[in-house]
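Visitor: Listed here are the chains, written in short residue letters.
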Amino acid sequence: MSGELTALSLKAALEGLKARKFSAVELAHAHLEAIAAARPLNAYVLETPERALAMAEASDARLARGEGGRLEGAALGIKDLFCTEGVRSTACSRILGDFRPTYESTVTANLWRDGAVMLGKLNMDEFAMGSSNETSAFGPAINPWRSRSSNRPLTPGGSSGGSASAVAAELALGATATDTGGSIRQPASLTGTVGIKPTYGRCSRWGIVAFASSLDQAGPIARTVEDAAILLTSMSGHDPKDSTSLPAEVPDFASFVGQSVKGLKVGVPKEYRADGMPAEIEALWAQGVEWLREAGCEVVDVSLPQTKYALPAYYIIAPAEASSNLARYDGMRYGLRIDGPSLTDVYEATRAAGFGEEVKRRILIGAYVLSAGYYDAYYLKAQKVRRRIADDFAAAFEKVDALLTPTAPSAAFGLGDASADPVAMYLNDVFTVTVNLAGLPGLSLPAGLDAQGLPLGLQLIGRALDEGTLFRLAGAMEKAAAFQARPTRWWRGS
Amino acid sequence: MRTATSKLIEGRTGPWEIVLGLEIHAQVASKAKLFSGAAVGFGAGPNEQVSLVDAAMPGMLPVINRGCVEQAIRSGLGLKAKINHWSRFDRKNYFYPDLPQGYQISQYKDPIVGEGQIEVERDDGTSFTVRIERLHLEQDAGKSIHDLDPNATYVDLNRAGTALMEIVSHPDMRSAEEAAAYVKKVRTILRYLGTCDGDMEKGNLRADVNVSVRRPGAPFGTRCEIKNVNSYRYIQQAIEYEARRQIEILEDGGQIAQETRLFDPGRGETRSMRSKEEAHDYRYFPDPDLLPLVLDPAWVKAIEASLPELPDDKRRRLMSQYGLSAYDAGVLVAEASRADFFEAAARGRDAKLVANWVANELLGHLAKDGLDIGQSPISAVDIAGLVQLIEENVISTKIAREVFERMWAGEGTAADVVEAHGLRQVSDSGALEAMIDQLIAANPGQAAAVKAKPQAVGWFVGQVMRQTGGKANPGAVNEILRRKLGVE
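Those protein sequence lines, which keep their order, are chains B and Z. Under this note's numbering, the residues of the first sequence are numbered 1 to 494, in order. Under this note's numbering, the residues of the second sequence are numbered 1 to 488, in order.
Some clues are possibly wrong.
What the hints assert, rightly or not - Under the rule of at most 20 Å between Cα atoms (straight-line distance), these lysine to aspartate or glutamate pairs were calculated in the EDC-like manner:
(1) B:Lys11 with B:Asp252
(2) Z:Lys398 with Z:Asp382
(3) Z:Lys109 with B:Asp376
(4) B:Lys360 with Z:Asp281
(5) Z:Lys398 with Z:Asp281
(6) B:Lys241 with B:Asp252
(7) B:Lys21 with B:Glu4
(8) Z:Lys184 with Z:Glu23
(9) B:Lys399 with B:Glu298
(10) Z:Lys92 with B:Asp376
(11) B:Lys381 with Z:Asp110
(12) Z:Lys471 with Z:Glu419
(13) Z:Lys82 with Z:Glu119
(14) B:Lys384 with Z:Asp110
(15) Z:Lys109 with Z:Glu166
Derived by calculation from the structure, the hints in this document are not laboratory data. Small disclaimer: the values here were computed from a predicted structure and weren't measured.
If we strip away everything but chain B, and leave its shape as in the complex, we get (with noise of 0.2 Å):
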């Protein structure tokens, strides 16, 4: 019965709870089991079965009297980026330590306005900076896919590798992400799930540990396109506690899944044609075009010219941003402490043992960015080439409605593989950090296996606020892809 149920889709668990087939506590004891034989991932940081049964509980009642919200009773994972009241927040960082806030981010207690259950929180990249989960706290999520040709454990790429994994394993109906850079598209697309990075300023980022505040951006990882949009539309909303919030009204975005894409016209940019990438990856390229045409789509050729100045761009103003949200990690008030003779000392050792290598890296970083005499030519240059790949996609989105790319130059890679070299480790962002420079939503959908049986993603990137039609059009091609491969069980085995 418990496999059944956690291999449900979001969609049709809702479905299932709402005509009482199971119940709410049924679904969380379902994942929580499935969570506890799968620690060997590493998806979960923080288990909280007491809590997910007492809202499942508290779901049942509420849909015993014929009430509830739109995901009431839908068991999900948290990325630990998310504050949650009362409950261990880290940003899977030592330096946060034992952290429990006393707020709750807007997303998630706007997902819990809705009626949806907290299994708990993700493993991630530490403060989300890294692209495989591996400079986590707690160690790497592993991904629940692995090579026909060698068990060696793959990273679910980052940082919401936690999130990718667990959905990709069914240890969740669905999970929040955030996605400075891609962290939501391409562990969905190392994973074989659907993720959305919604337009900068769709979700707020109330609560959510910052990163870099200009790019940071809230999003769900899910099973379906339907999944991920019933997710959006309860995480999206105007929050006047995030100025950069935008005021814009929140369409049913499940409503767009299954519309007609007859007559959109999508482009393909020739810039995102990255040399070195897998054959494969090509070739599922040239096959999302094709199932766009027969589905009544024009698709047609497109510039983006200042693609390649996109990655420079975007580590240095991520970096720049970090280096000082990070400053509050300090020791003074909450997190670790590692006291010293003088204040100096008790911030400097804090910060050592607090911090991983890649995020001292990067507050050195944008530290050095962001110095007198360094500005004009680094940051100050950065935020021009920013300007510049906004300006191209406007200029793309007069002829079209959307773009189709790849959304990760490779599939799942295994740990270690990248770790020892940042900056190959930072190319895992290059089809995906420009949606972010300009502030535009993008998705990732799996369309496919590459001869290693591994899972690759192909990446929708819509207008700002312009969500639906990226749903219109990634529901159009998930019933072309027909994507129904799941990564086998091996870590029950065991």
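Put chain Z on the given structure of chain B with help from the hints.
Guide: Positioned in the frame of chain B, the structure of chain Z alone reads:
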């Protein structure tokens, strides 16, 4: 632009000129902080007015307080400065325990208020212009308390995140007195506008003073910045000490090192805090948590229309409408409440006389008892009543002083006091003529002396005053004496 020459300091090797520019930090009069909505108030227990945002908890975000923005616009308009309809907040990054975020949100490149200027009056009644470079909004830090425990520092975050206006002047002042007068004038304007209470004792208005010296006519010298001076007296002491220190170095052939200095009020001296080389690199950049601040021109216009009459306009009006001297008008407009008191008392009365009583007697008495005009034991109506008795010759100016003292002591209105103590002036010419006839008859020698030397009439006036207890109308007495003694 300047209406008086600079005050020069004589050194061993010749005269020097002091050049001063000020940065005034004025706490915005607001019930809530600049970005957190937490309460602002004096007297709360430590860390009782701290929100999650102020404590920089993970994931917390700033949201601008519209009321504080309005106060900054009002202040800018009051300083006759340009309001920038597009401005932006930057982060100033540095580590300190009383700065929880690790950065101060301030306005670095694009302040909300640009160039302006104000007229400043010196004590001698002359005035000079100080150009305002900018006014920007920023967060205050918390308070570090080092003296509660020998081994620990305590931090009170109540003040953290409170809105400040930093008002930066051009280097347009040339003496400690001018600097103090400038701060006084800015304080007066802000108090008129209701944008800062100006309470310097609580640190709600404080100044950083940039001091340099040069030979008259030479280019500006290297400056030192003296941080956080919070009284007029300290501002003057700090400047005078610092200027002399710099002159001595230069006259000994040395060079001034650009640095930040602290004023020690106990010793009356400044000392080095950090040199230019040790200066922080604040790594300013636009705060990505906040959108640019774009002002609706109609809102700015509405704020402008709601401005009260400002001190300079009020001073000019008091001078033209009531014929007051520049000095009296200046004293009265220093506080809006004084001018209001004066105007209430002057209604239908001899305004110059009223001004004289308010500016001299009343304010003198209030100052002696440390009271402000809102706490005056004598009301505006009662001052008007006193002046009316003088105008109507019921009492002389001399008697009026006695009446005033009794009013101050709480004996009632002027009329009450005059009645109770029989202070009414004797103007009855019949009674005075009889008294004077008697005096002339009894003192023929004095009467003859007056004929030879008319000024000697004063002796007779004195006698009449003595006999009437000072209540004789001096005008009437003089007129009768001159007539009877045949003096022209």
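Visitor: Please go over all the hints and tell whether each is borne out by the structure.
Guide: Hints and how they fare:
no.: 1; hint: B:Lys11 with B:Asp252; verdict: 14 Å, holds
no.: 2; hint: Z:Lys398 with Z:Asp382; verdict: 18 Å, holds
no.: 3; hint: Z:Lys109 with B:Asp376; verdict: 13 Å, holds
no.: 4; hint: B:Lys360 with Z:Asp281; verdict: 19 Å, holds
no.: 5; hint: Z:Lys398 with Z:Asp281; verdict: 67 Å, violated
no.: 6; hint: B:Lys241 with B:Asp252; verdict: 23 Å, violated
no.: 7; hint: B:Lys21 with B:Glu4; verdict: 12 Å, holds
no.: 8; hint: Z:Lys184 with Z:Glu23; verdict: 13 Å, holds
no.: 9; hint: B:Lys399 with B:Glu298; verdict: 11 Å, holds
no.: 10; hint: Z:Lys92 with B:Asp376; verdict: 16 Å, holds
no.: 11; hint: B:Lys381 with Z:Asp110; verdict: 19 Å, holds
no.: 12; hint: Z:Lys471 with Z:Glu419; verdict: 13 Å, holds
no.: 13; hint: Z:Lys82 with Z:Glu119; verdict: 16 Å, holds
no.: 14; hint: B:Lys384 with Z:Asp110; verdict: 18 Å, holds
no.: 15; hint: Z:Lys109 with Z:Glu166; verdict: 13 Å, holds
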